[in-house]
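J.: The numbers in our numbering rise by one with no breaks, and the one at position 423 of the sequence shown is 423.
Treat the hints loosely; a few may be bogus.
Using C-beta positions, here's what the derived DEER-type ranges look like [as the list claims (entries may be wrong)]:
#1 L169 with V23: 39 to 45 Å
#2 A187 with T579: 56 to 62 Å
#3 E345 with A34: 46 to 52 Å
#4 I197 with R157: 35 to 41 Å
#5 T555 with A156: 57 to 63 Å
FYI, nobody ran anything at the bench for these hints, they're computed from the structure.
Built from N, CA and C at the ideal position, the CB exists for glycine as well.
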Amino acid sequence: MLTLAFILPGLVALACLGLSQTVATRWLGLAAAAALLAGGGLLLAGRVRGGLPLVLAEYTWMNLDQRPLALVLRLDAFGWLPALVGLFGGGLALAVLALALPVNLRGFGGLFAAALAAIVASVLGLLSQGQLALPFVWALVALLGFLALRASGALARSDAPMVVLLAGLCSALVLLGAQLLGPLPLAEARVIVAALICWLLLGLLAFGAPPFHLSLQALAEAPAALAGALLALGLPLLGGAALIRFMAAQSVGVPPGWRLAFTLFGLLALFASAAGALGTTRLRRVLAWQFSAQLGALLIGLGQGGQALTAAAPAILLNSVLSTLVCFLALAPIERSAGSDEIAEIGLRELQTWPGALLLIGAASAVGLPGTWGFWPRRWLIDALLESSPWAVAPLLAGSSLLALAFVPALVVCWRREPAAPGETLAGAARAAGQMTSAAALAAVPLVVLGVAPQLAWVGWLAAAQAQLGGTVPPALPGWLAQLACALAALVLVGLPLLLRERMAGESADEPAGLALAAAPQALGTSLRYLAWLGSAGMAFGLGWALLLRAAAATRRGLALFEQRYYLAGLLIAVIVVTLLFIQ
Numbered sequence: 001m002l003t004l005a006f007i008l009p010g011l012v013a014l015a016c017l018g019l020s021q022t023v024a025t026r027w028l029g030l031a032a033a034a035a036l037l038a039g040g041g042l043l044l045a046g047r048v049r050g051g052l053p054l055v056l057a058e059y060t061w062m063n064l065d066q067r068p069l070a071l072v073l074r075l076d077a078f079g080w081l082p083a084l085v086g087l088f089g090g091g092l093a094l095a096v097l098a099l100a101l102p103v104n105l106r107g108f109g110g111l112f113a114a115a116l117a118a119i120v121a122s123v124l125g126l127l128s129q130g131q132l133a134l135p136f137v138w139a140l141v142a143l144l145g146f147l148a149l150r151a152s153g154a155l156a157r158s159d160a161p162m163v164v165l166l167a168g169l170c171s172a173l174v175l176l177g178a179q180l181l182g183p184l185p186l187a188e189a190r191v192i193v194a195a196l197i198c199w200l201l202l203g204l205l206a207f208g209a210p211p212f213h214l215s216l217q218a219l220a221e222a223p224a225a226l227a228g229a230l231l232a233l234g235l236p237l238l239g240g241a242a243l244i245r246f247m248a249a250q251s252v253g254v255p256p257g258w259r260l261a262f263t264l265f266g267l268l269a270l271f272a273s274a275a276g277a278l279g280t281t282r283l284r285r286v287l288a289w290q291f292s293a294q295l296g297a298l299l300i301g302l303g304q305g306g307q308a309l310t311a312a313a314p315a316i317l318l319n320s321v322l323s324t325l326v327c328f329l330a331l332a333p334i335e336r337s338a339g340s341d342e343i344a345e346i347g348l349r350e351l352q353t354w355p356g357a358l359l360l361i362g363a364a365s366a367v368g369l370p371g372t373w374g375f376w377p378r379r380w381l382i383d384a385l386l387e388s389s390p391w392a393v394a395p396l397l398a399g400s401s402l403l404a405l406a407f408v409p410a411l412v413v414c415w416r417r418e419p420a421a422p423g424e425t426l427a428g429a430a431r432a433a434g435q436m437t438s439a440a441a442l443a444a445v446p447l448v449v450l451g452v453a454p455q456l457a458w459v460g461w462l463a464a465a466q467a468q469l470g471g472t473v474p475p476a477l478p479g480w481l482a483q484l485a486c487a488l489a490a491l492v493l494v495g496l497p498l499l500l501r502e503r504m505a506g507e508s509a510d511e512p513a514g515l516a517l518a519a520a521p522q523a524l525g526t527s528l529r530y531l532a533w534l535g536s537a538g539m540a541f542g543l544g545w546a547l548l549l550r551a552a553a554a555t556r557r558g559l560a561l562f563e564q565r566y567y568l569a570g571l572l573i574a575v576i577v578v579t580l581l582f583i584q
């Protein structure tokens, strides 16, 4: 049954390629989404019926230096829920992407085939337990993401797909180097330091942390639903799970200085990404920046060890993926209605009440507000910091506040409306937006349910995951009074858009108060642009590339001495040398 969960999406991907020119792309996309949802259902059924771990495949595929290398796909206590989120979340993302396309469009089956294969490969990477298998899966996810971006047609003249591919392949090489250092846990001090360097660099590359955010910005250039699938469910999810496993296995041998390094890099990622989100005027880039900011909190948890590593870090990873996916899926109908994700160019004919509500829920969970799942991982992380690194609590809260301000312009545009043109009908657009919003709402349900009752996550997943990762101290779970307060906060989050709809139903898009409210965070982002530059140092990488080109040109001029006119002279000298050797 578990094997069928991955065979079925593969067959549907082949069908998408073969029927691309004959079947409407929307139907192929819906079939791809259904395959992922069915795979998620089979995975959940296997989890309920059988105990963990469940082995999907296990065999030795090569011997390296008299050491067998096994390919093991195992569904364990830590990896089963991220894998389930990957399948269900990917299915919902592909459904929203399919609904955003015109009904009679054909010829884009390769887009859904590549996106479907990328999501399945990412889930297989979460289940991969064998040494050296993960780097190949990592490179495959990067390649399939590149193919999906190219097949979308939206980035035909952009360098974004190549940036994504190069970043993915470079991180795969770093991961391969880390895996070649030996099986965990490592014992030799020099090997431990080399492994920590590799894994920290891998985390920075996968999370888009400073100075490597350019890869996530490139992914955010894709349409919202596709960007959400590849960004939230791709290499960041895979890298976060791999980092948690490594730090848990090596927790005893990590020097205190390296724990401090992880914490400082996490704080830098949080501040630089929040500043970048404040300074940008495109909604998809705001969401990419906030994803890196959330993963900065994950780096902080990895550096602390103990409860922060075994309980808070997995919960932060799950919340980062879910909240980012919900925000991208909520943005899809807004982007389709406005024709752009540029804040200044968005002019909506209708108030986007329910997409705005979903965006508000995702933003609240990303920031860590009560009533959402994101509140509890942040609280557990702060509890751990108060015991081990109290100095980091204030920067963590300050960075979260900056991140909350970055969401204000994105939320304001959902309740700005332009008057419809005379004779303009919006029924078809409203129906398509309603279908997309319904799919996005399904992804937002866990954020609210787990925000009110985190015991469900603890009993169903986190307790066993913490035990597998070596944790012994459970996090603080709420009593009935705290749950009641969280339920009231969740009701406010859901009811606030309805109140705003009634109040702003007659207001137009040029409302001065709304524009001022949206412009204030951007002004703060302008003042923090140098901090944001640390997150995505594109000019520095461009300068480095230019220096490499100049060095290559100088080397080519040096090698030119041995080409063309000097070729015969070199050949004559070689003949003379060989003749002298024979004479001797």
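J.: Decide, hint by hint, whether the structure agrees.
T.: Hints, verified against the model:
1. Between L169 and V23, the C-beta spacing of about 33 Å breaks the proposed range 39 to 45 Å.
2. At roughly 57 Å, the beta-carbon separation of A187 and T579 lies within the given 56 to 62 Å, and the hint holds.
3. The supplied range of 46 to 52 Å is broken by E345 and A34, whose beta-carbon atoms lie about 35 Å from each other.
4. Taken as a hint, the range 35 to 41 Å holds for the pair I197 and R157, whose Cβ atoms sit roughly 37 Å apart.
5. A beta carbon spacing of about 33 Å between T555 and A156 contradicts the range 57 to 63 Å that was offered as a hint.
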